[in-house]
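Given chain L's structure and the hints, the job is docking chains Y and H onto it.
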Amino acid sequence: MKELNRRDFIKTTTATTAGVATIASGITLTTYAALPKESNPVTNEKRWGMLIDTNKLTESNIDDMVNACQEEHGWGNETHSTGDQQAGWIKKIKVKDKATERISNLALMCQHCEEPPCVDVCPTNASMKREDGIVLVDKHLCIGCRYCMMACPYDARSFVHESLTNQKTHMPRGKGTVEACTMCVHKVDKGEAPACVASVSSDAVIFGDLYDPTSKINQTLKKVQSTQIRADLNLNTGVRYSGI
Amino acid sequence: MSRLLIVFLSVMLSSVVAQADHHIPNLGEKATEFKDEGKEAHKRDGMSHAASLILQRKMHPELLSHKRDKTLRQGVRGGVVQLSKCVECHTSVDKDGEFIPVNAPDQFCSTCHKKVGTSLDCFSCHRTTPAEEM
Amino acid sequence: MSIIRYEQTQGKSLGFYALIAGLGAFILAALAGVYYMEHNGHHVTGMSNRIVWGLPHVFALFLIVAASGALNVASIASVFQKKIYKPLSRLSGLVALALLAGGLMVLVLDLGRPDRLIVAMTEYNFNSIFAWNIILYNGFFAIVAVYLWMMFERRMNKYSRTVGVAAFTWRLILTTGTGSIFGFLVARQAYDAVMMAPMFVIMSFAFGLAFFILILMASYKWTERQLGDAIVNRLSNLLGVFVAAVLYFVAVYHVGNLYLVENSGVENFILVDGGIYTQLFWYGQIILGSLVPLALLYSPATRGNRTMLGLASVLIIVGGLVQLYVIIIGGQAYPMELFPGKEILEGYGGIAAYTPTLAELMLGLGGIAVSLIAVTYLVKFLPFLPESLADDVADPHHKG
Chain L
1 MKELNRRDFI
11 KTTTATTAGV
21 ATIASGITLT
31 TYAALPKESN
41 PVTNEKRWGM
51 LIDTNKLTES
61 NIDDMVNACQ
71 EEHGWGNETH
81 STGDQQAGWI
91 KKIKVKDKAT
101 ERISNLALMC
111 QHCEEPPCVD
121 VCPTNASMKR
131 EDGIVLVDKH
141 LCIGCRYCMM
151 ACPYDARSFV
161 HESLTNQKTH
171 MPRGKGTVEA
181 CTMCVHKVDK
191 GEAPACVASV
201 SSDAVIFGDL
211 YDPTSKINQT
221 LKKVQSTQIR
231 ADLNLNTGVR
241 YSGI
Chain Y
1 MSRLLIVFLS
11 VMLSSVVAQA
21 DHHIPNLGEK
31 ATEFKDEGKE
41 AHKRDGMSHA
51 ASLILQRKMH
61 PELLSHKRDK
71 TLRQGVRGGV
81 VQLSKCVECH
91 TSVDKDGEFI
101 PVNAPDQFCS
111 TCHKKVGTSL
121 DCFSCHRTTP
131 AEEM
Chain H
1 MSIIRYEQTQ
11 GKSLGFYALI
21 AGLGAFILAA
31 LAGVYYMEHN
41 GHHVTGMSNR
51 IVWGLPHVFA
61 LFLIVAASGA
71 LNVASIASVF
81 QKKIYKPLSR
91 LSGLVALALL
101 AGGLMVLVLD
111 LGRPDRLIVA
121 MTEYNFNSIF
131 AWNIILYNGF
141 FAIVAVYLWM
151 MFERRMNKYS
161 RTVGVAAFTW
171 RLILTTGTGS
181 IFGFLVARQA
191 YDAVMMAPMF
201 VIMSFAFGLA
211 FFILILMASY
221 KWTERQLGDA
231 IVNRLSNLLG
241 VFVAAVLYFV
251 AVYHVGNLYL
261 VENSGVENFI
271 LVDGGIYTQL
281 FWYGQIILGS
291 LVPLALLYSP
301 ATRGNRTMLG
311 LASVLIIVGG
321 LVQLYVIIIG
331 GQAYPMELFP
341 GKEILEGYGG
351 IAAYTPTLAE
361 LMLGLGGIAV
371 SLIAVTYLVK
381 FLPFLPESLA
391 DDVADPHHKG
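Protein chains in written order, with the numbering used here: chain L, 1 to 244; chain Y, 1 to 134; chain H, 1 to 400.
Pulled out of the complex, with its shape left as it was, chain L reads as follows (with noise of 0.2 Å):
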């Protein structure tokens, strides 16, 4: 007899539900004459991720991933927010190794982690990991009372401390709620890269599914040396580092 694996499983599964979903759908809506098609949820035989190589990103790399972050979501430019009170999705970090002295820089955001402690505290199910591995912020739940914030090791996560207008269409953003890095969630649905990434033209760092055996991040990921950030807390990170 043939052995049910879990991803045989959530395939004949979705399947069905898609099927179920298509037919009730007919019955209850009928549907638009012209109707344009919605794409098929994301499953768990991918996971993104990515890798940052510290030793041939440069300073003026960050800067421009951060510059790019915020272009592309319109965050940092808060006019009341001061000092700590600042959105900051994504930051350069300088650290030096205590015993060699080593200077490394990097770029620091949510690590999306395939545990990620601000889902678990999160008591409203308002922070959310998606099947393909992005960490998200629903902020259609989310009541603004910060525990993922205590709870995230990497300090990533942002909390609105003012009202905002002008919001970039596809990332809404407002007062009283918490926001994060989304690894660029609305350009990878559609094949596209992130913003960080497409921001830096070395392969310092690369984008891609940690699963297949043929993307470049998987491959790089085989042969060179990396770590995640906080390895002890056993979170799995998306992200990951060499060179550090």
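The hints are simulated quantities; they were obtained by calculation from the structure and are not laboratory data. Hints are supplied without guarantee of correctness; some may be wrong.
Straight-line C-alpha distance at most 20 Å; calculated SDA-like pairs for lysine to any residue [claimed, not checked]:
| hint | chain 1 | residue 1 | chain 2 | residue 2 |
| --- | --- | --- | --- | --- |
| 1 | L | K91 | L | A198 |
| 2 | Y | K85 | Y | K115 |
| 3 | L | K168 | Y | S92 |
| 4 | Y | K70 | L | E38 |
| 5 | L | K168 | Y | L64 |
| 6 | L | K94 | H | P340 |
| 7 | Y | K115 | Y | A104 |
| 8 | L | K91 | L | G74 |
| 9 | L | K190 | Y | K67 |
| 10 | L | K190 | Y | D69 |
Partial list, computed: chain L residues near chain Y (C-beta under 7 Å) [unchecked claim]:
| hint | residue |
| --- | --- |
| 11 | P36 |
| 12 | S39 |
| 13 | T169 |
| 14 | G174 |
| 15 | G191 |
To be clear about the criterion: a stretch of chain Y counts as covered by chain L if any three or more of its residues have a C-beta under 8 Å from a C-beta of chain L, and this derived list gives those stretches [claimed, not checked]:
| hint | stretch |
| --- | --- |
| 16 | 72-86 |
| 17 | 114-127 |
Built from N, CA and C at the ideal position, the CB exists for glycine as well.
Relative to the frame of chain L, chains Y and H by itself:
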């Protein structure tokens, strides 16, 4: 007791009036153009245009929140139900050619929401005018 | 021991209305503060992305912790069968409910989106300790309400012990849950300790009893009812034991943390060079909030003196607030260890600054005012207080 009855009846009556009032004062720039061209917006198969519009009017919160969960949690993109498309058609333009936020007083969303007394929470986060590049 | 008769307070005096007006003013100020914070957004507070929980959380968690502790007096009577505490059970349940209501009000009004509170009731993430706490708080209200009913309704009296045991169990779980909000934050050196949960339980004993004693003494004094030494001295002794127990737990917690090298940085910060946090810890929490009250409660010169007991209770409450300030704000101010073995030169780190604003303070004080106004009103409408607690009435062993 009779005072309560009067309050109750007037609330009933006003909600009936609000429901029956199909005149929408401010459709928005693109939607008005669309209508003037004689096109049938929100038309669904097997349904008259009038019925489709009523369905749209009554069900848009459900349609939107159903789609929002699919998009955000499952990455389902595209399709007909998109808040950005609502905003795209239903915003008006002021004298200087600038877009007026769709949730501003007397604009498309706020007119009805105010009339029926329901909150309008989309735009505490979502953009209220069509995207710059459009 | 004669039969205990409970009676409402009259609540018609000038003093009663002055008290209500005074507390009402605090509540109005709190609401004004909330409106100011929610209308502008949290940028008008001292809170930031580094200090995400500020002064309102200090007050909220203090009140919630104290709430479960205030129920102890009833538990001692029902669970441990100490008859002398029995007449205090009703008031104990009331103070517990009132403190919890005040604490939750502060917690909810400091949310980024308090208008979405309903979401917290409809969307549960059962992995979240916060979500468990929402259930525990609601359950506490229900169970204590039933408990009060069992005590008030004569034909239900026979069940009051069973419900009392359930309430006691529930409150232990509740405080454990509150402590666990911090205890399982693996990312932060100051919090990641299972010790947090039992420490919060002991803290609740001390803070809750201090509140209870103050409310008991004030209500008997202002309504000119008799309150005998037999009860007061017992409560006073108990309070001393609880304060000493908190000190013991604090000592074990910090010594234990010092032993772990990874936590020595944050310990050094709190105990030695943390500026305001170090001062608050030693002068506020340890000296003013623990040692001075212990001296007042046990030294022969002040022992048995009601004013001194009141002063000790006030100091324990202030010390408790300071303790939570040091835990919550101090623990966040110290940066997380992002790169063990490395020094962060730029981009993150340093001690986060926090200056509480008036609005935050008023919200916190408003929570206390809500608790007190609830007690003041409810003792007027329902017979919570025995008409006399003089020694010959209250003390089963009184010889007179």
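Going down the list of hints, with the structure as the test:
1. L:K91 - L:A198: 17 Å, holds
2. Y:K85 - Y:K115: 23 Å, violated
3. L:K168 - Y:S92: 19 Å, holds
4. Y:K70 - L:E38: 10 Å, holds
5. L:K168 - Y:L64: Holds, because 19 Å separates the two Cα atoms, which is no more than 20 Å.
6. L:K94 - H:P340: 14 Å, holds
7. Y:K115 - Y:A104: 14 Å, holds
8. L:K91 - L:G74: This hinted pair holds, its Cα atoms lying about 15 Å apart.
9. L:K190 - Y:K67: 17 Å, holds
10. L:K190 - Y:D69: 18 Å, holds
11. P36: 6 Å, holds
12. S39: 5 Å, holds
13. T169: 4 Å, holds
14. G174: The hint holds - G174 of chain L has a Cβ within 7 Å of chain Y, the shortest such distance being about 3 Å.
15. G191: Constraint on G191 of chain L not satisfied, violated at 11 Å.
16. 72-86: This one holds; 10 residues, not fewer than the three required, reach chain L with a Cβ under 8 Å.
17. 114-127: holds (count 4)
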